[in-house]
Structures are given as structure tokens and as C-alpha cells.
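Take the sequences, apply the hints, and build the full model.
If you read the sequences in order, they're chains A and B.
When we follow UniProt numbering, the leftmost residue of the first sequence carries the number 1, and every step to the right adds one.
When we follow UniProt numbering, the leftmost residue of the second sequence carries the number 1, and every step to the right adds one.
Hints may be right or wrong, so weigh each one.
Facing chain A, a subset of chain B residues (Cβ under 7 Å, in silico) [stated by the list, open to error]:
#, residue
1, L66
2, A72
3, R76
4, L88
5, A107
Cβ pair distances, simulated, as ranges [what the hints assert, rightly or not]:
#, chain 1, residue 1, chain 2, residue 2, range
6, B, A84, A, S275, 39 to 47 Å
7, B, P276, A, R126, 49 to 57 Å
8, B, G214, A, P325, 41 to 49 Å
None of these hints come from the bench; they were simulated from the model.
Where is the CB? At the ideal position from N, CA and C, for every residue including glycine.
2 protein chains.
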Amino acid sequence: MKDVAARAGVGLKTVSRVVNGEEGVSADTEHRVREAITALGFRRNDSARTLRKGRTASIGLVLEDLADPFYAPLSRAVEEVARAHGALLINGSSAEDPDRERELVLALCARRVDGLIIIPAGDDHRYLTPEIEAGVAISFVDRAPGLIDADVVLSDSFEGAREGTAHLIAHGHRRIGFVGDQPQIQTAAERLRGYRTAMAEAGLPVDGSWVSLGPTNPERVRAETVRLLSGPEPVTALFAGNNRVTVTVVRVLAAQTRGVALVGFDDFELADLLSPPVTVVAQDPAQLGRSAAELLFRRLEGVDDPPRQLALPTRLIARGSGELPPEV
Amino acid sequence: MKDVAARAGVGLKTVSRVVNGEEGVSADTEHRVREAITALGFRRNDSARTLRKGRTASIGLVLEDLADPFYAPLSRAVEEVARAHGALLINGSSAEDPDRERELVLALCARRVDGLIIIPAGDDHRYLTPEIEAGVAISFVDRAPGLIDADVVLSDSFEGAREGTAHLIAHGHRRIGFVGDQPQIQTAAERLRGYRTAMAEAGLPVDGSWVSLGPTNPERVRAETVRLLSGPEPVTALFAGNNRVTVTVVRVLAAQTRGVALVGFDDFELADLLSPPVTVVAQDPAQLGRSAAELLFRRLEGVDDPPRQLALPTRLIARGSGELPPEV
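Laid out in C-alpha cells, this is it:
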């Protein structure tokens with residue numbers, strides 16, 4: 001591609017525009033680019049990236065937690081797309097640690113994967129720049145990268161949390177607690193913003209004591225949920241920030257005598273068989289994985305247009321727990 | 001180690017015996033070996049394996065299904081042991097396909113992992129012999145390898161299924177169905193054998209129509225469960241061969257008007273919050289992973305004794321579904 005640009009006397013961006021049939025290139029320039037392409041035998045599928053020495057037909061996936069079932073369908077979908085492209089998938093986990101993410105990503109690059117799909121733990125991905133320049137394709141999923149531009153596929157966490165909270169408000173709740181993941185995690189922050197927005201839109205105040213962000217281990221979530229349900233003015237409803245939080249909240253609520261409404265972010269196995277069945281804001285983890293993998297293979301096939309950001313909609317599934325009336 | 005053997009004029013096996021303090025080496029030979037070790041500065045932790053060129057401080061784990069939550073705590077435990085040894089963990093999935101297992105294992109070896117933990121999909125692992133000879137440490141977990149000898153950690157599937165079936169018999173059941181995984185999978189066959197043994201020990205016949213083995217996708221399991229519960233003489237209890245089977249059986253039973261007893265092999269998240277709570281024969285997947293990883297690092301530290309086979313006990317957890325009386 002660089003050779004084409006040099007021969008035609010234009011920038012890489014212009015070559016990319018012509019190759020991808022985008023607007024904004026004069027007929028004369030387009031002609032020169034096409035001539036250079038013909039002269040150099042450049043074809044879209046034979047770009048510099050595709051011809052990178054030692055293509056290994058393997059891609060890497062960096063998760064943040066091996067034990068979170070949310071990532072199971074995501075990983076499997078990535079695997080299926082990789083398989084359809086004749087590529088092997090290699091996984092690793094950052095265990096939500098930015099240093100480990102970087103170590104793992106670089107270890108996979110050193111092992112010559114053609115591309116990487118990353119669920120980021122960190123918020124500075126400039127360490128990837130040399131790898132990207134060396135031809136490694138990268139896409140991010142579930143959370144956006146920090147300080148670099150790359151393809152990314154997200155769920156609309158803000159809108160999902162807003163809709164879930166509005167659902168509780170519509171069922172008469174005024175004091176609604178929010179138990180979420182650590183605040184430096186983008187999705188946790190976005191979901192909290194969605195909750196706050198829904199409350200503000202309904203003209204409801206948010207008491208500082210109703211919001212609890214932190215690690216999602218059962219001990220912390222249990223203690224915080226019990227705290228929110230105690231005192232003279234306990235909350236009558238809870239919004240749980242992800243599936244790990246929800247399964248612990250469900251346990252706490254099962255031991256309560258009064259009914260407490262619950263909406264959880266993320267669907268989870270058997271949610272519909274609990275009593276009451278759990279109302280959730282469902283993401284589509286398989287589609288997240290599939291889209292991220294498709295964006296990656298698009299890059300590996302030589303497509304060189306600007307990074308894309310996809311936001312997949314969430315879906316409120318009303319099952320019972322989110323429709324309970326306020327009870328004190 | 002080869003240098004020690006050559007210098008002492010003995011075989012590798014003899015060096016290994018001396019290093020590991022085993023019997024069967026004459027005092028004279030032992031003296032020569034120890035002299036050679038001292039001369040060469042050989043220490044147990046600096047064995048040929050440890051000194052293999054290009055140690056990468058990484059190990060691989062080959063799962064059979066990324067989407068089975070049973071493997072989540074197993075993977076995480078392997079990761080924790082790896083981390084404690086300063087090693088990185090790289091995963092992949094065979095998707096229960098022997099060819100893919102082999103492809104993935106060899107791809108990981110080509111990427112120079114120091115060792116591999118494998119949940120086998122296939123039953124012939126002789127393809128690993130050259131890798132083992134080249135110094136790659138291998139341990140198997142959840143299922144034994146085929147046609148090679150290696151460290152392996154299993155749950156006692158036979159005894160667990162026997163105990164679970166005997167539990168149903170003790171609660172008055174005579175017609176007990178068995179829905180399990182594909183018969184060529186060792187654990188599936190062992191669990192079926194445990195079921196048959198418990199029935200035989202109680203002097204109960206097993207009607208061929210009560211046993212259903214095959215893929216654990218929801219469609220097949222649902223159809224087979226409905227079949228077992230239909231007809232003039234339906235079963236009054238079910239033994240489910242693994243957690244993927246159990247969650248589908250639970251769905252079918254939730255739609256039944258009569259009570260059907262259920263014991264499932266494998267514990268699973270929220271089993272205790274269902275109604276009735278589900279009685280299970282629990283494995284300890286974290287301990288399986290931990291033990292397999294510890295065996296692996298033992299090999300990487302140079303221990304060269306004969307392969308070990310560990311069988312971890314299962315644990316019956318009575319919660320309600322397995323204690324229902326027969327009802328027609």
C-alpha cells in the first residue's frame with residue numbers, strides 16, 4: 001500500500017479511500033492510484049498486512065476473567081469465526097490487571113498471532129503501537145481501548161442501565177440502590193451514569209449511600225446489599241451492575257422476608273427459573289464476540305479504513321423480579 | 001542429566017533414581033552419579049528440562065469446551081498456580097474434536113510453551129511423544145490420555161455416579177433414567193457404569209429405554225428427558241450425567257405437574273436456589289486444575305519419577321430434588 005501511495009504521489013489515506021470506494025477523491029487522483037495499483041499488482045487481499053511474513057493462521061483473545069460466565073459465549077463465538085477463517089484461537093486472561101494484560105498481549109504477539117481481540121483491563125494501550133505497525137491486527141470488545149484508535153465493539157451500557165432503572169421507577173420505586181463493579185472500569189461507570197440519568201429524568205434524588213461500586217466478589221457484594229436493605233429508610237429496589245453482582249444479590253434477597261425489586265445488567269443461566277424470575281438488561285455476548293472477530297478478520301483481509309466503533313443495543317427482559325411493587 | 005549419565009557411565013534412569021532418592025542403585029553407582037553431579041554442577045532444579053533452551057515461562061491449557069462453566073474454576077485454578085510460578089497461561093479449546101485437539105496442542109508446542117495441561121477430546125495421544133522427548137511437560141486432567149503414560153488428575157466418576165444412583169434408590173425409586181454425554185467420552189462411560197452398578201447392587205433391572213447417551217445440546221437432552229417421562233411406565237427419577245445435561249433436565253422438570261426426583265453429576269451456580277434445590281454429585285473443578293498444574297510444575301522442576309494418576313473423590317450434596325419420593 002505504501003508503494004502504491006509513493007508511485008501515485010498520494011497519501012496512504014487516499015489509497016485507502018480509492019480501494020474502499022469512498023468519496024472525496026478527484027477523478028484524476030483516483031486514476032493515478034488505480035494505475036499504480038495495476039502497475040504494482042496490488043490487490044485488496046494481497047495488502048502488506050496479508051503478505052506479512054510468516055502468517056500463522058492464529059489469533060489471540062485476551063479476556064479479563066476466566067471464571068465469568070459472561071465471556072463463555074463471547075469466546076465461543078470468536079472461536080467459531082476464527083474456525084470459519086481457518087484460524088486457531090489462543091486465549092489468555094488478564095485477571096483484571098493492566099500489567100498482566102500487557103504482558104499477555106506482548107507474549108501472544110511474540111508468539112506471532114496474526115491478530116488480537118482484547119477485553120481491556122488497562123486504560124493506556126499505546127504499548128500496542130509497535131505491534132500494530134508491525135502488522136498485527138487488533139480489535140477491542142466489551143470496553144474501549146485507551147489512548148489509541150482501534151476497532152471496538154461494545155454494548156450500550158449507558159442506555160441499558162437507564163432503561164433498567166426507568167423500569168424500576170415505572171413500577172413505583174423511588175429509593176433504588178445501585179451495586180456495581182469498580183469505578184475505573186468503563187462499563188461500570190457507564191452503567192452508573194445510566195442509573196443516575198434515569199433517576200434525574202424522573203426528578204428523583206440519589207442518596208450517596210444508595211450507590212456502591214467496588215470489586216464484585218461475593219463478600220463485598222453481600223455486605224453492601226445487606227447495608228442498602230437496612231436502616232430506617234432502606235431501598236425498595238436494586239439495580240445490579242453485572243451478572244457477578246446479580247447472582248450474589250439474588251442470594252441475599254432469597255433470605256429476606258420482604259420483597260425487594262431487582263433488575264440485573266447481563267442475562268445469566270437459570271435466571272428465568274428462580275423465584276421470582278430475574279428481570280435483566282441482556283447483552284448479546286455471542287454477538288459482541290462475533291462482531292469483534294469479524295472486524296479483526298476484515299483487517300487481516302487488508303481493509304484499511306478508519307477504526308470502527310459498534311455499540312450493540314441491550315434488551316430488557318421482564319421476568320418478575322423487576323416488576324415487584326415497593327414494599328417496606 | 002544426559003551429561004551426568006555419560007560422565008558416570010550409567011543410564012538416565014539410574015541418574016533419575018539417585019536424584020529422586022529411589023531404591024535399587026548400588027552404593028558404588030550412587031557414588032559415581034553423585035560425583036558426576038557435583039563435577040557438572042547439576043542440581044535438581046537445573047535439570048535438562050529446566051535448562052532446555054529458550055524456556056518461556058508459559059504453559060498451555062487445552063479445554064474441550066469454552067462455554068462449559070465447569071471449566072471456569074478449573075482454568076482459574078491453573079492460572080493461579082501458573083502465576084505463583086511466574087508463568088503465563090495460554091488457553092485453547094478443542095471443541096470436543098480430536099483433530100482440533102492435536103492441531104491446537106502442536107500449535108502451542110510450536111509456540112514454545114514449557115508444558116501443557118490437556119483435557120483430552122481424543123483417545124490416542126501418541127502424537128505427543130516427540131514433544132515429550134523434546135522436553136515439553138504434559139499433564140492430563142478430567143479424562144485420562146490414550147496410549148501414552150502421563151500424569152493425570154481425574155474425579156472418581158464411577159464412584160460418584162454409583163453413590164448418586166444409590167441415593168435415589170434409597171429414596172424409594174426403582175425406575176431411574178440416565179441421561180449422559182456421548183459414550184466414547186470416558187467420564188460419560190464411567191458414570192454410566194456407576195449407575196448400572198448401583199442398580200445391580202440393589203437387584204434392580206435397567207430397561208434399555210431408560211438410558212440415553214449422546215450430545216448434551218439442549219434439544220437432544222430435552223427430547224430424551226420428555227421421552228423418559230412419557231409412556232405407560234415412565235421413570236420416577238433421573239440421573240443427569242453432567243452439568244450441561246442437568247440444567248436442561250431442570251427446565252423440563254419445571255414444566256411437569258408431577259414431581260420427578262433428580263440427581264445431577266457436577267454442582268452448578270444457583271443449584272441451591274432452584275425449587276426444588278438440586279441434589280448433585282459435586283466434583284471439585286478448582287482442585288482438579290490445581291493438582292494438574294502442580295503435577296506439571298513438578299515435572300518442570302525436574303522431577304522424573306513415573307507418571308502419577310490422582311483420583312479425587314466426589315461429594316453428594318443433598319438439597320431436595322434427589323430426596324423426592326416416587327410419584328406417578
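Hint by hint, here is what the structure shows:
no. : hint                           : verdict
1   : L66                            : 4 Å, holds
2   : A72                            : 4 Å, holds
3   : R76                            : 5 Å, holds
4   : L88                            : 5 Å, holds
5   : A107                           : 5 Å, holds
6   : B:A84 with A:S275: 39 to 47 Å  : 41 Å, holds
7   : B:P276 with A:R126: 49 to 57 Å : 54 Å, holds
8   : B:G214 with A:P325: 41 to 49 Å : 46 Å, holds
Violated hints for the displayed structure: none, as all numbered hints are satisfied.
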